[in-house]
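Asker: Each chain, letter by letter, is given below.
Protein chains: 2
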Amino acid sequence: MPTPPTAPPRTCVATVSLSGSLTERLTAAARAGFDGVEIFENDLLASPLDAAGIRARCADLGLTIDLYQPLRDIEAVPAGLLAANLRRARHKFALMNRLGADTVLVCSSVSPHAVDDDDLAAEQLARLADLAQDFGIRVAYEALAWGRHVSTWDHAWRVVEKAGHPALGTCLDSFHILSRGSDPRGIEDIPGEKIFFLQLADAPPLAMDVLQWSRHHRRFPGQGGFDLAGLLRHVLRAGYTGPLSLEVFNDVFRQTEAGPTAVDAHRSLLVLQEAVGLRELPPPVVPTGIAFAELVTADADPVTGVLAALGFTRAARHRGKPVDLWQQGEARILVNTAGAARRDGTALAAIGLESPDPAGATRRAEALLAPVLPRRRAPADAPLEAVAAPDGTELFFCATGHPGLPDWRADFEEGERAAEEPLLTHVDHLALVQPWYQVDEAALFHRGVLGLDARESVDVADPYGLVRSRAVTDPQGRVRIALSVGPAAGDDTAHAQHIAFATADVVAAARRFRSAGGRLLAVPANYYDDLAARYELPDAELETYRDLGILYDRDEHGAFRHCYTRTVGRVFFELTQRDPGYRGYGAPNAPIRLAAQHDDRTR
Amino acid sequence: MPTPPTAPPRTCVATVSLSGSLTERLTAAARAGFDGVEIFENDLLASPLDAAGIRARCADLGLTIDLYQPLRDIEAVPAGLLAANLRRARHKFALMNRLGADTVLVCSSVSPHAVDDDDLAAEQLARLADLAQDFGIRVAYEALAWGRHVSTWDHAWRVVEKAGHPALGTCLDSFHILSRGSDPRGIEDIPGEKIFFLQLADAPPLAMDVLQWSRHHRRFPGQGGFDLAGLLRHVLRAGYTGPLSLEVFNDVFRQTEAGPTAVDAHRSLLVLQEAVGLRELPPPVVPTGIAFAELVTADADPVTGVLAALGFTRAARHRGKPVDLWQQGEARILVNTAGAARRDGTALAAIGLESPDPAGATRRAEALLAPVLPRRRAPADAPLEAVAAPDGTELFFCATGHPGLPDWRADFEEGERAAEEPLLTHVDHLALVQPWYQVDEAALFHRGVLGLDARESVDVADPYGLVRSRAVTDPQGRVRIALSVGPAAGDDTAHAQHIAFATADVVAAARRFRSAGGRLLAVPANYYDDLAARYELPDAELETYRDLGILYDRDEHGAFRHCYTRTVGRVFFELTQRDPGYRGYGAPNAPIRLAAQHDDRTR
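First to last, the sequence lines map onto chains X and P. Numbering of the first sequence is given in the working numbering, commencing with residue 1 and proceeding in unit increments. Numbering of the second sequence is given in the working numbering, commencing with residue 604 and proceeding in unit increments.
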């Protein structure tokens, strides 16, 4: 049933993309806003609901069943086998009638019995389509990338064309097309009404066996390396008006809850539709700075002790809540003791992002399925727009000091004045540890919702596992967020968040911290011997670094010097001195830092 | 220092193969029986111990430091860069002197500055060797599989030969050689004394980028697909007498405890040495049957209720302990209420394996580092030999009814007689769920220690994750153990163990169970509709299966019919009817069974 081209195409998700019982999957798809589902045969077989029951459940949830999948190893077989295959198909078509599904996916055969004969394949698919037509069903034939004789989209289309049957069309699957590096431009020449279905999946660039790649490493659009927007444009130019459906399976989604995965999935489709002009969304409002980071704690003393030693002063106090603003230069930390945090559970709970248009930023976040948070400020508070990131961190869109826009600081009354010049000038970056299954989702969120750019991910060896890290930034580098995931079974050390402050003189800042009683993370002497071997640093400079525990990195544009406070609860602070042009975050030093933190913790 | 060829070569493990702080890694290597270690530079840099401290710690532990690794991007560079590289090397050589390490690994360059010029590479490596000689150090040059210009063992050897320097030799790494499919036969032509070091790593057959494959998927020898014994024979024929060293890193080992990983590692080397005739071990004694399975429980009623309904009788009772023997045919289940199991925590704790030579089987297990268990029987008990499998399951080597050997049943006094002919005749197989990081270790244990054959692994989709399964069997199929790992974050359902009983008539056995009040696992009706579509089974047969919840599978040799009891604690039972020749375990039905168990549990 073609949708008029003015409305965005229907969105659809395969049940195999989600986890849990079939009814859990259907509920999650509906809640996330999908219009329909593909029912994967094994999910139906394992369900205690019969076909009529599944049909009724979908109707209750407002979901259509857009595809039943798959029929396998049907075509291009010796005559004797065909009868058995058609018998099997007849059973499935009767089932589909009870289910209320009118399109079936037929994958190109992988059977050793299949013959390399397009005429035979076309003839037998036409026989299948004849049978399907009796049941009011359409057959969508798709090339598996590892099909025995038919493995490319154009080959599958030639077979469909040859069969020339009205109930036979083709199904296009982005993974099978793009994983083989096939040229998708010719898709525009397929008559749109002969493209019966479109399945979309992304994947990271991995040079591996395509079957394993497909089964274990598919991703939602925008979370891998395929040009899905380009492919979709070709399919739309062909005249396709059917649903856009996600058929994505990987080892992560299989284990995570269906609800959040479905939201992530639908968000990825919305962003894709926007990219090709199918759907208009409120435009992204790229943040222009970090207004504040908010820590919640049951006992403020340990963390404010560290902040004071770093040179922060308690610049303001919230009028109605136990929230203090600690400030130095443009670096602002809110310390909130209202939350019911566990003792010593100091944690980063919220981030204020400077936004040229807070209301617009919130509209986009809401359109992209980010939960808009209820105002937690009192009525007298300045109205603040906030949404939740996938990891639960609250994101506030702020307009600090912008005339005409509400200022979050209006709720605070002034406290102490800074006694000296600030050595720390602003927040260089935030490092947020994500649940291990969520780093791709988080990167898509920060890119799609906030309009930040996602950089390549890097792996860092922790003594007890591997940490994967990926930065998102604005084009000017005023907002930098490093997203990372620790080992699945890792301990707390790899899961602490941190706030990195910028300074023009990390040595002075570290010395002041130490003389104020602060304790910097101790770095092993061996590290400095290695630094001496790698760089020709003056002896005195090296000695200073060794003394203070300052780490050093360099790229082709400049150097990066940084050191760390000890961890308080689940948070620590970094002092960074960044040469203009240096683009990294000192990643080569991360294993040293992680080992030192482990060592510090077990002492 | 060449070892005399009569003694087995020294065993060595790279610190990067283990997890934790450097001292944790060293301790684990020593405890597992390694003679020496390779020190990986980053592990040293991250350690609070300085070089002298590490040397002293190794000496305390009885470990030599056989290699320091790696120096990177040294050779074949423009003259200007060489000076900086030699400066860096000098630092490292001085460090090695403090460390007491006399061999350094130099990897072939991956630098964009490297020039494709073997003469230049040889000349600069000779310069490096000159410098090394001043420190009493030998340089072992190794081809990385992804080296920029030198990426094969024979190319690295040609460069070494060209340099002709006494302090320069080659290092061979099985991963780099075998991952590229290089022919290793020519290694026999290298003079043995010029092979300075041998690193061994296995890997599963994965068609993927070799750098990613190497960094994330290496395995200990015997746990992958490489012919390491073949490679080692070539290296020994060349006259190599140095250590056999494991350089294995993967995402699993990085996260698991160093102690068990080191034991697993050393076991793999012992098995490899045995395979090439370098080490004599007590020969394997292949088990010939399942003598019993032992369940521990705090409350025996639920599980004995199921056993009674299945037709088991309480055939005997232990003289001194609260242990009952439930028997039917040759299937024997011990129910032990002495353990301090949690309520409803009924679990499989021990397996009795029939052995033609229990003492010999124990000697081999002990030689291969399996913990030999203290006799837990009272002094009057028959002496029973037992060891612990990697997952903690106790394995008893039994000689049931063998004249001249102690019979474990001597400790039992006879109980009830069976009233009827046994429908269940013996244990068909045991299915043991392993911790997710241990399936390769478990397979190596069952193969190396017990002499069973390991089959290919298969993946099974569980509604909440992926289950990987691998069977080990004796050649006659009298002992079959299916090892599986559930999803890392999975729930209990995927982690229950089960015992499968054999019957010649699963329908009769299921009916008897049901009429005795037993409850079989309910299988969705959709499954039987699909069975009707796939196989032309007589209607009456299909109706019987549907009524009882019997699953059906078929391979080219025959059929397999099976059904399940509900789960008690962490254990359930399977009834199986296996056509002669059918070799599987009904794996295609496992997703249906797992979904039904989830459904049963959440009702």
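What the hints contain is simulated information worked out from the structure, not anything from laboratory work. Fair warning: there could be bad hints in the mix.
Estimated spans, in silico, between C-beta atoms of each pair [as the list claims (entries may be wrong)]:
| no. | chain 1 | residue 1 | chain 2 | residue 2 | range |
| --- | --- | --- | --- | --- | --- |
| 1 | P | Arg-818 | X | Glu-543 | 44 to 50 Å |
| 2 | X | Ser-457 | P | Val-975 | 45 to 51 Å |
| 3 | P | Arg-922 | X | Asp-209 | 53 to 59 Å |
| 4 | P | Asp-854 | X | Glu-188 | 41 to 47 Å |
Only a predicted model underlies this, so the values are computations on that prediction, with no experimental measurement involved. Positions of the beta carbon are idealized from the N, C-alpha and C atoms, including for glycine.
Asker: Please go over all the hints and tell whether each is borne out by the structure.
Answerer: Quick rundown of the hints versus the structure:
1. P:Arg-818 / X:Glu-543: 44 to 50 Å: The hinted range 44 to 50 Å is violated for P:Arg-818 and X:Glu-543, with Cβ atoms some 35 Å apart.
2. X:Ser-457 / P:Val-975: 45 to 51 Å: holds (46 Å)
3. P:Arg-922 / X:Asp-209: 53 to 59 Å: holds (58 Å)
4. P:Asp-854 / X:Glu-188: 41 to 47 Å: At roughly 42 Å between Cβ atoms, X:Glu-188 and P:Asp-854 fall inside 41 to 47 Å, so the hint holds.
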